[in-house]
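Given the structure of chain F, go ahead and fit chain V onto it with the hints provided.
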Amino acid sequence: MALQSLDILRRSATTTPSTQVRSPVEVAKLIDVSTCIGCKGCQVSCSEWNDIRADVGSNIGVYDNPTDLDAKAWTVIRFSETEENGKLEWLIRKDGCMHCADPGCLKSCPSPGAIIQYKNGIVDFQQENCIGCGYCVTGCPFNVPRISKDDGKAYKCSLCSDRIAVGQEPSCVKTCPTGALSFGSKEDMKEVAVQRIANLKTRGYENAGLYDPPGVGGTHVMYVLHHADKPELYAGLPKDPSISPLVGLWKGFAKPLATLALGAIALGSLFHYVTNGPNEVSKEIEDEIEKEDAP
Amino acid sequence: MIRDSKDLQRYNASERANHWAVGISFILLALSGLAFFHPVFFPLTQFFGGPVWARILHPYIGVVMALAFLVIFLRFKHLNKITRVDKEWLGKVRQMVEGDDHNMPEQGKYNGGQKVMFWALSVAMLLMAVSGIFIWRAWFGFDVTVVRLGAVVHAATAAVMIGLIMVHVYAAIWVKGTIRAMWYGTVTRAWAKQHHRGWYRQVTEK
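Protein chains in written order, with the working numbering: chain F, 1006 to 1300; chain V, 7 to 212.
Rather than coming from a laboratory, the hints here were simulated on the basis of the structure.
Just to be clear, a hint being listed does not mean it is correct.
Below are the DSSO-like pairs computed for lysine-lysine, each with C-alpha atoms no more than 30 Å apart in a straight line [unchecked claim]:
id, chain 1, residue 1, chain 2, residue 2
1, F, K1045, F, K1260
2, F, K1288, V, K83
3, F, K1191, F, K1244
4, V, K93, F, K1296
5, F, K1288, V, K12
6, V, K83, F, K1296
7, V, K212, V, K115
8, F, K1244, F, K1206
9, F, K1288, V, K98
10, F, K1154, F, K1092
11, F, K1154, F, K1077
12, F, K1296, F, K1045
13, F, K1288, V, K212
14, V, K212, V, K182
15, V, K98, V, K115
16, V, K83, V, K98
17, V, K83, V, K93
18, F, K1288, V, K115
19, V, K93, F, K1288
20, V, K93, F, K1045
21, F, K1206, F, K1077
22, F, K1288, F, K1092
23, F, K1296, V, K182
All of these numbers come straight from a predicted model, not from anything done at the bench.
Isolated chain F (complex conformation):
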């Protein structure tokens, strides 16, 4: 609950500053795909902590299960088979909200306070204010939010904002058995990443690198990728994500201008009436008609 948070950087559909006198440290989750074994422990812990269960689907011949993010599955492991450096590689990526510094969902949301960005970087949905329009889905460059069929509200990973608020790490990080997931300040996570990347480079992955895309201002969920030059290999992770220019047009400066223009038309009409007077039927023509009627 955000009711007494004093560290809110931004609030959807709100044009004045939010309560932000506190400045907590920026946090991040680091996902090292090279040490992930695809056990889906994170999926289970997410499900446990948040008390949500996606409907049981059907096997489509791959390990992905559930096959997609859902209002009740906020993180899923995506498996991709690819051939790199002349050999088969089985790439495994934990997918979920990236907690963008420049969040397309929040910028698109028309409902005040339905999406909140904390100063620590977490982008959190406040479902009690959600109206179910799906604009967040339209705005997201990573195709993350999902509208629930049960209540029509949008859901996604909260980065366990409730746990972090009381000094705990996200439940997925807590449960990860291989250490592929780490959590801490964004600065610290970048340092951990540097070490991991150096290690990968010594093992022949020359293009290993950190995925912290600048197009969305950086993210608070970052990946260490062995093929940072080709993020698309990892189940279509976008190479240079940014808020779509269409969303920029839709939600940018045009709307306040259009609002002013409409106000100007209304006031302009009023002043036109007051300064020019009404357009009435002339006495001349009325007399002509009267003359016609005279016997």
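Positioned in the frame of chain F, the structure of chain V alone reads:
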């Protein structure tokens, strides 16, 4: 009750009801739509039973308006062909707006400005209906690029359309003796002779 039996019938009952169906749905759509257009208008959702109801109802009201407007369009399109005289009228529109209609060419049932309004609103209605379907998530699931395009077109066209309707409403208020045509269907002969002389001569055979 007919005040003057020599008043001219401009719209029959069915045409008036049709116009009101479009008008009422437009007002409801503008109020609920503006609420999602910019936060400053968000409180307008309270007219609809809260923001969630506003979101649910808006597209259905849109369907009503689209269908009602389609009927209006089919009814009046043949009266709105833009002619050489209309272009001349439009060229002198400034004088008209400044309150001097002495140099305006003779107009039929609709003047050049009304015809431009008719076609502009027709195009806007079409764009609103198509883009509205693109972003109606309760019933449709288009590709996100289509949805994004739909959102831009819907918002931009809506702003233009609200502006057009403000002009449409103001014109009716400004030109005295017009609004009764929308309520009762009739106008005075003097009104017709002054503003639509071609139509006046056609219906009175003078």
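How the hints compare with the structure:
1. Our distance criterion of 30 Å between C-alpha atoms is broken by F/K1045 and F/K1260, whose separation comes to about 43 Å.
2. For the suggested pair F/K1288 and V/K83, the alpha carbons sit about 33 Å apart, so the restraint of at most 30 Å is broken.
3. Our distance criterion of 30 Å between C-alpha atoms is met by F/K1191 and F/K1244, whose separation comes to about 21 Å.
4. Distance hint between V/K93 and F/K1296 is unfulfilled; the C-alpha atoms sit about 33 Å from each other, more than 30 Å.
5. Distance hint between F/K1288 and V/K12 is fulfilled; the C-alpha atoms sit about 18 Å from each other, no more than 30 Å.
6. For the proposed pair V/K83 and F/K1296, the alpha carbon gap of about 36 Å is over 30 Å, so the pair is violated.
7. Between the alpha carbons of V/K212 and V/K115 the distance comes to roughly 15 Å, so the proposed pair stays at or under 30 Å and holds.
8. At roughly 20 Å between alpha-carbon atoms, F/K1244 and F/K1206 fall within 30 Å of each other, so this suggested pair holds.
9. A threshold of 30 Å between alpha carbons decides the hint, and for F/K1288 with V/K98 the separation of about 23 Å falls inside it, so the pair holds.
10. For the given pair, F/K1154 sits about 42 Å from F/K1092 by alpha-carbon distance, which is inconsistent with the 30 Å threshold.
11. This hinted pair checks out: F/K1154 and F/K1077 have alpha carbons roughly 10 Å apart, not beyond 30 Å.
12. The suggested pairing of F/K1296 with F/K1045 is violated, with an alpha-carbon distance near 93 Å, which exceeds 30 Å.
13. For the hint linking F/K1288 to V/K212, the alpha-carbon distance of about 20 Å falls within 30 Å, and the restraint holds.
14. Distance check on the hinted pair: V/K212 and V/K182 sit about 23 Å apart at the alpha-carbon level, within 30 Å; holds.
15. Taking the CA atoms of V/K98 and V/K115, the gap is near 18 Å; set against the 30 Å cutoff, the hint holds.
16. Distance check on the hinted pair: V/K83 and V/K98 sit about 24 Å apart at the alpha-carbon level, within 30 Å; holds.
17. Under the criterion of a C-alpha separation no larger than 30 Å, the hint pairing V/K83 with V/K93 is consistent with the structure, at around 17 Å.
18. Distance restraint check for F/K1288 and V/K115: the Cα-Cα separation of roughly 22 Å lies within the 30 Å cut-off, and the hinted pair is therefore satisfied.
19. With a C-alpha separation of about 28 Å, the suggested pairing of V/K93 with F/K1288 holds against the 30 Å cut-off.
20. Between V/K93 and F/K1045, the direct Cα distance comes to roughly 70 Å. Violation of the 30 Å bound is thereby established for this hinted pair.
21. The straight-line distance between the Cα atoms of F/K1206 and F/K1077 is roughly 37 Å, outside the 30 Å bound, and the hint therefore fails.
22. About 94 Å separates the Cα atoms of F/K1288 and F/K1092, which puts this hinted pair outside 30 Å; it is violated.
23. Annotation: proposed proximity of F/K1296 to V/K182 holds, straight-line Cα distance about 22 Å (limit 30 Å).
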